[in-house]
Amino acid sequence: MTATVDARPRTPSSPPTRGRSKAGRIEGRWGVMMALPAIIGFVAFTLAPMIASLFISLTDWTIGAAPQFVGVENYVRMFSADSSFFSSLWATVYYTLGAVPLSIIVAFVVALLLNANVRGQSVFRVIYYIPAIVPIVANSMLWIWLFNPDFGLLNSALARVGLPGSDWIFAEETAVPSLILMATWGFGNIAVIFLAGLQGVPRHLYEAISVDGGGAWSKFRHITLPMMTPVIFYSVVTGVIGALQVFVQAAVMTEGGPNDATLFFVYYLYRTAFTNNEMGYASALAWILFLIIMAITVLLFRNSNKWVYYEAGTGR
Amino acid sequence: MTIQHPPAPRGFSRRGFLQLGGGAALVAAAGPALTACSGGGDDITFMYWGSAYEQTAIKDMLGKYNEEKSNEVPVNGQYTPVGDYETKISSLVAANTPPDIGYLGVGQMYDLAGKDQLLNLYDYVDAYPELTDRLPSSYFWYGPDKLAANQLAMGMQILYFNTDSFEAAGLERPPFEATSAWSWDEFVEAAIALTLDDEGRNPSESGFDASNVAQFGTIAPFGGGGLNALLASNGAGYVSEDGLQYTLDSAEAITVLQNIQDLVYEHRVAPSPAQLGKNAPTTSVQLQTQRVAMIVDGNWAMLDLLESEVPFGVAVLPQYQVPLTATGGAAGAIFAATEHPEEAVELYLYYNDPENVDLFQNGLWAPLQEKYYTDEAEIAKWVGDDFPEHFREVAIDTTLNHGVTNWDQQTKNSDSLWQKITPAMESLQTGDATAEEVAQGLREEIEPLLEGTWPVQEL
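For the protein sequence lines, the chains are U and L, in the order given. Per our numbering, the first sequence starts with residue 1, numbered consecutively. Per our numbering, the second sequence starts with residue 317, numbered consecutively.
Honestly, the hints are just simulated from the structure, not real lab data. Computed from a predicted structure; not experimentally measured. Treat the hints with care, as some may be off.
[Claimed, not checked] These stretches of chain U come out as covered by chain L in the derived footprint (C-beta under 8 Å, 3 or more residues):
#: 1; segment: 165 to 174
#: 2; segment: 275 to 282
[Stated by the list, open to error] One-sided excerpt, in silico: chain U residues whose CB lies under 10 Å from chain L:
#: 3; residue: Phe69
#: 4; residue: Gly71
#: 5; residue: Ser80
#: 6; residue: Phe86
#: 7; residue: Ile144
#: 8; residue: Phe147
#: 9; residue: Asn148
#: 10; residue: Asp150
#: 11; residue: Leu153
#: 12; residue: Gly242
#: 13; residue: Ala243
#: 14; residue: Met253
#: 15; residue: Gly256
#: 16; residue: Ala261
#: 17; residue: Tyr270
Don't be surprised by glycine CBs; every beta carbon is placed ideally from N, CA and C.
Same shape as in the complex, but just chain U (with noise of 0.2 Å):
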């Protein structure tokens, strides 16, 4: 790097720097000054731990053993030889494509019935969105015990109607979709947002259909739905990057098991690290799925514009 960044002479009689007043330089700097904490928490807890692990995932550093330069080796070894990097690949893959169409048509669903002229609404939209507020571990905790096949909830409620029970998290087949149960089971956060997207919807859309003579389905065919793409759209991207690093229900709820049935990729990714102390492996490991994630968000964009409608007609 060369010293050039400010070489132009200053002089008295100079104008401004980027043609700025002096009020709006001070208010420049001071702007800067006010994000520098912000900034500084950005440098030094994400970029640099990434840099750091972008280059510890070109080593085999163990906890304890000084880190050897392996080259591409440790994403060699995760194609070619590791059986648990597919299978907890395609665990979350398999949570991901349930939990996320599901959580965002349910939340469709009870945003449409939130935004009906009903007695008591706000009550209703406060029950629903109180899911979304419990940490997660709480929640955790809370649904190992509706699970529980004994004396769980969902069993003696299934019990009631005269159903078979099922083994929930307990048995091989049955342990993601539970789990994608209980992640649709939260849905009240994109309920909010869908519901202020619905009240930002133009009446004098739905009036001119009743006009015309459309009924209930052609508004929401064609009212609702449309102007509610850009929503169903940031729910989806939001969705998918949160269901790809889906780890706290593995690691509180199941260990992974039964036999890695629930070994999510960022749990696979943790015990690697923190069990197996392999840390150049398992920093391999984030960067293929970051890098996964942003190939998944940037085809997510870039098919975007074929579906996702916005008023201002500038498409995105």
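Start from chain U and add chain L according to the hints.
Below, chain L without anything else, positioned relative to chain U:
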């Protein structure tokens, strides 16, 4: 009041800004390490896991030690729940701030020893000859003249039972002498008699409701020392003696595994994983509440059983070809980074001695030194008055005469092996696979991971 404007700050160039940010990041990153280092040398940190009773017992032991050695370096206990323990040790080692001394799982202990993170106790043998008088199986060697640690204490497997449950069922108590140990069938028979549904029926009676069981006969030992002992009793094991061959798919091993699975799904005398539930209560709670009538567990469970005044008795494990118990235990190790190696070794010897600490008399630990198993006067020093009847025969005699060391105490790469074995065993537990399928399926996963055993050396 006049408003004073602050003097305008000097402008940042982009480079200055980045330097400032980088400097701040460096301070932020290095800060915790610096503060940790600065306070590291003033005391000895002792890290441990265990039940609430164990936490109190260790705290009392360290308090007593600090009192007795008031002029020396104080010792601080650092309790960490067992589920997070390994992770916490890894993080502390990665941050270069390990404890001075502490409990360690055997796999992690060998891993750290191989990276020179643990103090080589062999260097201290001359100065502290007490280091040499332990049972040979309790030493962890990681190379010639390289002694990583000792077992924290001796551990052995016992069949615990609730005496009230036996009385109610009108059953004779299980045998306490190895030579008259129950056969597997006798064990199953007792378990059937002890299993009762909500209506008081047992599995041999018609109408038994397996989904509403009030008291299970036992808990199926799908792992741990209990399974090790049963396998060894049938002349089987996970791996060969040299640690180089996978042997869990032998006919003898499959018999044992299938018998254990049958406790749950055929005889219905033990809870399935689903019935046991996540975060299942401890052995003492299971026996106290009479949810379960008999459990195979380590001698350390006695601490909680005695403290919670459970009406319990002890017996020898059921046998196949030979009666035996599996022995072993986690490691107690000193970290190489300690600034007080001598003091740490002294604490190490202190807590191993039943004459100093009551962790033995309260049932948590069994001693490492042979004399406490052979000499009457020495035995009296650690077998507490409130220990159950026949503890002597069940624990002391069986360990001395029929003790077999747990295979993973001396097998290399045991943590990696367990990571393959555990999920496979889960499908045995859930009933998704038979013993034969599990055992045969594991072969190709285990074989590439076998690296032999750690060396053994005379002291």
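Okay, the hints, checked on the actual structure:
Counting residues of the segment 165 to 174 of chain U whose C-beta sits closer than 8 Å to any C-beta of chain L gives 6, which meets the bar of three, so the coverage hint holds. With 4 residues bearing a CB less than 8 Å from a CB of chain L, the segment 275 to 282 of chain U meets the requirement of three and the coverage assertion stands. Interface hint status for Phe69(U): violated, as the beta-carbon distance to the closest one in chain L is roughly 18 Å, over 10 Å. At its closest, the beta carbon of Gly71(U) sits 22 Å from a beta carbon of chain L; the interface hint therefore is violated under the 10 Å criterion.
Among the interface hints, the one on Ser80(U) is violated; its C-beta lies about 13 Å from the nearest C-beta in chain L, farther than the 10 Å criterion. The beta carbon of Phe86(U) is not positioned within 10 Å of any beta carbon in chain L (closest approach about 14 Å), and the interface hint is therefore violated. Hint on Ile144(U) holds. Least Cβ distance to chain L is approximately 5 Å, under the 10 Å limit. At about 8 Å, the closest approach between the beta carbon of Phe147(U) and any beta carbon in chain L falls short of 10 Å, and the interface hint on this residue holds.
The interface hint given for Asn148(U) is met, as the beta carbon of that residue sits about 6 Å from the closest beta carbon of chain L, less than 10 Å. Checking Asp150(U) against chain L: minimum C-beta separation of about 5 Å stays under 10 Å; hint holds. At a threshold of 10 Å, the smallest CB-CB gap from Leu153(U) to chain L is about 14 Å, leaving the interface hint violated. At a threshold of 10 Å, the smallest CB-CB gap from Gly242(U) to chain L is about 23 Å, leaving the interface hint violated.
The closest approach between the C-beta of Ala243(U) and any C-beta of chain L is roughly 22 Å, which is over the 10 Å cut-off, so the hint fails. For the restraint placing Met253(U) at the interface with chain L, the shortest Cβ-Cβ distance is roughly 6 Å, inside the 10 Å limit, so the hint holds. Using the Cβ-Cβ criterion of 10 Å, the hint placing Gly256(U) at the interface with chain L is satisfied: the shortest such distance is roughly 8 Å. The criterion of a C-beta within 10 Å of any C-beta in chain L is met by Ala261(U), whose closest approach is roughly 9 Å, and the hint holds.
Evaluation of the Tyr270(U) hint against chain L yields a held restraint, the C-beta minimum of about 8 Å falling below 10 Å.
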